[in-house]
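Colleague: Listed here are the chains, written in short residue letters.
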Amino acid sequence: MSGRIKSLGALLGSVLATLFGLAIVTFMIGRVMPVDPVIAAVGDNAPEAVIQRTRIEMGLDQPIVVQFLRYLGDVVRGDFGNSILTRNPVTTDIAHYFPATMELATYALLLAVVIGVPLGIWAAVRQGSLTDQVIRIVCLAGHSVPVFVLALLALLVFYAWLGVAAGPGRQDILYQDMVPVVTGFLTIDTILAGDWGAFHDAVSHLVLPVSILSYFSMAYITRMTRAFMLEALHGEFIVAARAKGLSGARVVMGHAFPTVAVQLITVIALTYAGLLEGAVVTETVFAWPGLGQYLTISLMNADMNPVVGATLLIGLIYVVLNLLADFLYRVFDPRVK
Amino acid sequence: MLSRRQFIAASAAFPALSYLSMTKVFAATPKNVLVVAQQLDNMTSLDPHESYEAVGSEICGNMYQQLVSPSFEDPNVVEPQVAESWSAGEDGKTFTFKIRKGLKFSSGGDLTAEDCAWSLQRCVALNKGPAFILTQFGWNAENVAEGIRATDAETLVLTTAEPTSIGFLLYCLSANVGSVVEKAVVSANAVDDDWGNGWLQKNSAGSGAFTLQVWRPSDAVTMQINPNGGYKGSLERVILRHIADPSAQLLTLQQGDVDIARNLTSEQIKTLQDDPNIVLLRKGQASLVHVTMNVGHEKLKNPKVWEAVKWALDYEGIQKNILSVTHEVHQAVVPKGLPGAYDENPFQKDSAKAKALLAEAGFPDGFSIDMDHYSAQPYPDIAQTVQANLAEIGIKVNLLAAENRQVLTKMRARQHQMILAAWGTDYFDPHANVDAFCINHDDSDDAPNKPFAWRSHFKDDAVMAMAIAARDEKDPQKRLDLYVELQKHLMHNSPYAIMMQPFTTVACRTGVEGMRLSAISSGHSYTEVTKS
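Taken in order, these protein sequences are the chains called A and B. Numbering that gives the first Met the number 0 puts the first residue of the first sequence at 0, with every later residue one more than the last. Numbering that gives the first Met the number 0 puts the first residue of the second sequence at 0, with every later residue one more than the last.
None of these hints come from the bench; they were simulated from the model. Glycine included, each C-beta is placed from N, C-alpha and C at the ideal position. There's no promise every hint is true.
What the hints assert, rightly or not - The following residues of chain B were derived to be distant from chain A, with all beta-carbon distances above 10 angstroms: (1) 70; (2) 130; (3) 137; (4) 152; (5) 162; (6) 269; (7) 327; (8) 359; (9) 376; (10) 401; (11) 425; (12) 503; (13) 510.
Stated by the list, open to error - Covered stretches of chain A (chain B as the covering partner; in silico rule of three or more C-beta atoms under 8 angstroms from a C-beta of chain B): (14) 35 to 47; (15) 80 to 94; (16) 154 to 167; (17) 170 to 180; (18) 284 to 294; (19) 298 to 304.
Isolated chain A (complex conformation) (with noise of 0.2 angstroms):
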């Protein structure tokens, strides 16, 4: 039981230090970095005093281990600071603005999973047919072309030409605001106030961006399922599954699958976290309100705490999901216990 404690109280450490290294390295280039976050708030035309008042109220004009002492205790307890540029927390503007892109990044791993792995398994069975190298060409595609590009292609071909998709945007402008936020994710809020207009509104204004999103997760899944899978099929155990008269389905998904579906949930587990910083190049052109946007355009204005704030979220994201993977390994893989 204590040896139990005692591992759990080292991970909780592990994540400590990880998030405060994390904290050191994001607020001091924020701090270097040559730009003055203090001419963002009030203008490159801002008479010189009104510059060196606001340093001060900003806490700028401090030693920077003072500030980000100062960041640091305000964090314990709970205070990201202010956006310069939004003038809300930052942990409301975090709340507002995530579960726009946590929304995009599942349904695109879904997607991604539930194409990407059969063809993956499809890929590798038939190594080196027509099908392979199809599959290989497709993937090759998405994992090669520049998200932009697709974006607008889509956009081009879904939503001007054929006009089977909604444009830009989270939400048509009539639905904007008239359904309750519950959960962030709109497809859930729409079901949940039982307005199917603005959930069919929600639906086709999520499918493009999911599927450009999609396309790109699902090249790498397949890829590396296709590779995984080879691998397993050259196993000893295959041939002796093979030389017992096993049907090449069991052969495949009862013994060769099993062995790759633990590593195969690393290779998710760090795709999601990829897709929940936020798809910066997506979310501008689809002009989707989400994280990787909010976080550019905080850089951008040298608005430093969101930055801070954001990267640290991301830090968090990447370690849940990576205990979260350790943890479906000891479910999967009998070895590990």
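Given chain A, work out where chain B should sit, using these hints.
Modeller: Just chain B, lined up with the frame of chain A:
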């Protein structure tokens, strides 16, 4: 005959198709809502006494009124707005404004001289970024209650520290810092001594045509019609949607999901020029693209070098090849569209003359120099042409590109040698630019004021005297003439090679009418927009 497989495929496709057809129905925007695609990414505040950047100023301009406003047709004329008349006292320091009767705020409250006085006092006392436009008349937190007061419900009296030109004062009062906010509402939302600043950053309390419904940063701003603001058209709401990517703006405009696109690129504007569904509006902006030489640098001290650089640049070539639909050549310090602008462009590319001037300055073989510039287009293209032009007269230019805030921060620290940058005018008066470019009383490193001229060590007493004389001239017309004289002189006697003035182009769908553009962003107005 349908095969079973075809039947299954068709029935599977059916729900999908019906779903697709529904989307189409919702495509056009409602008739009573104007939807604008715009980059809303550097707004920091919608408090008119604090907002300084273009988008925020523009939104404030649509929600608040000032005592007076410049005419859309003729920038040299000031028109009454909240004030119906004004007069200057004999001493040149006292100015009396009669406030128009019957004006109401969006809350329904009456707009009185007390609201006007309180608003101006608020701006001075808060002393945010743009407050210098008012505090330059000598007001500060201590004396403002005396200097700005309402003597009765319809009379506002302003007393300046020094004799002041009424022309100058009026233009300054027409800026957003002169906005009238409702005293009762804003002071009710004050926290500590913030004059309601925290609240007004995200709310509105004005008498303009619109009120703020919601501002969701990097997403949308929604303005509603102010029932008391005198708007006569068919709109009920104006929604500004943050669409960062110009291509996405263009697509939504062509699809009819937005009525107006604000940030199209020059290539996109070219493709729209013959589109029957789109009307393009164009207006010169009070902004300048300039190459400035740091006089503090050994090689850039000599006025002959300044002149040589100005004769070396290929203004027309740059305009034609790089900036054809976005900028015009403009070489004077006051941009077109502002009062007192001077519209002649004496410099053109003459490498032989430039080379001779450089030799006279003692650099027959030229020299080598660094030039900082913004890394966003079109600046790298302009910088390369400048580099090529100067190479022809023997000046070897080293280009240093960086993100624009970084370039400006370096310039503020006086660490640049040459710089290619843009300058935006703060308010609708020639003094705004002349002040920044000409007046530099103290050039020491720890000067109390660090104006634009200070950053490049430009201090010329003759120029400064001309600038002050123009600012203080009592006769409004003569005042503007003095500015023209000053600009002619400055062109040949300053380290500023002013090159271009940008245009803003707004693409509207046909049927959307009445959008008015001004040289200064706070003047871009939706107050007369109608949609059919």
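Colleague: Compute the least Cβ-Cβ separation between residue 327/B and chain A, then decide whether it is above 10 angstroms.
Modeller: Label holds. Min Cβ-Cβ 23 angstroms, cutoff 10 angstroms.
Colleague: Could you check that no beta carbon of chain A comes within 10 angstroms of the beta carbon of residue 503/B?
Modeller: 19 angstroms, holds
Colleague: Does residue 401/B really sit off the interface, with its C-beta more than 10 angstroms from all C-beta atoms of chain A?
Modeller: Non-interface label fails for residue 401/B: nearest chain A Cβ at 8 angstroms, not farther than 10 angstroms.
Colleague: Examine each Cβ of chain A, and state whether all of them lie more than 10 angstroms from the Cβ of residue 269/B.
Modeller: 18 angstroms, holds
Colleague: Against chain A, does residue 510/B keep a CB gap of more than 10 angstroms to every residue?
Modeller: Answer for residue 510/B: holds, closest chain A Cβ roughly 17 angstroms.
Colleague: Confirm or reject the coverage of the segment 80 to 94 of chain A by chain B under the rule of 3 or more residues with a beta carbon closer than 8 angstroms to the chain's beta carbons.
Modeller: Holds: 7 residues of the segment 80 to 94 of chain A have a Cβ under 8 angstroms from chain B.
Colleague: Does residue 359/B sit more than 10 angstroms from chain A, CB to CB?
Modeller: 35 angstroms, holds
Colleague: State whether the coverage of the segment 284 to 294 of chain A by chain B holds or is violated, taking the criterion as 3 or more residues with Cβ-Cβ distances under 8 angstroms.
Modeller: holds (count 6)
Colleague: Establish whether the coverage given for the segment 298 to 304 of chain A by chain B is satisfied; the threshold is a Cβ-Cβ distance below 8 angstroms, and no fewer than three residues must meet it.
Modeller: With 3 residues close enough to chain B, the hint holds.
Colleague: Taking the minimum C-beta separation from residue 137/B to chain A, is that value above 10 angstroms?
Modeller: 14 angstroms, holds
Colleague: Given as covered by chain B, does the segment 154 to 167 of chain A meet the bar of three residues or more with CB within less than 8 angstroms?
Modeller: holds (count 10)
Colleague: Three residues or more, CB to CB closer than 8 angstroms: is that satisfied between the segment 35 to 47 of chain A and chain B?
Modeller: Contact hint for the segment 35 to 47 of chain A vs chain B: holds, 11 residues under 8 angstroms.
In this structure, the hints that do not hold are numbers 2, 10 and 11, in rising order.
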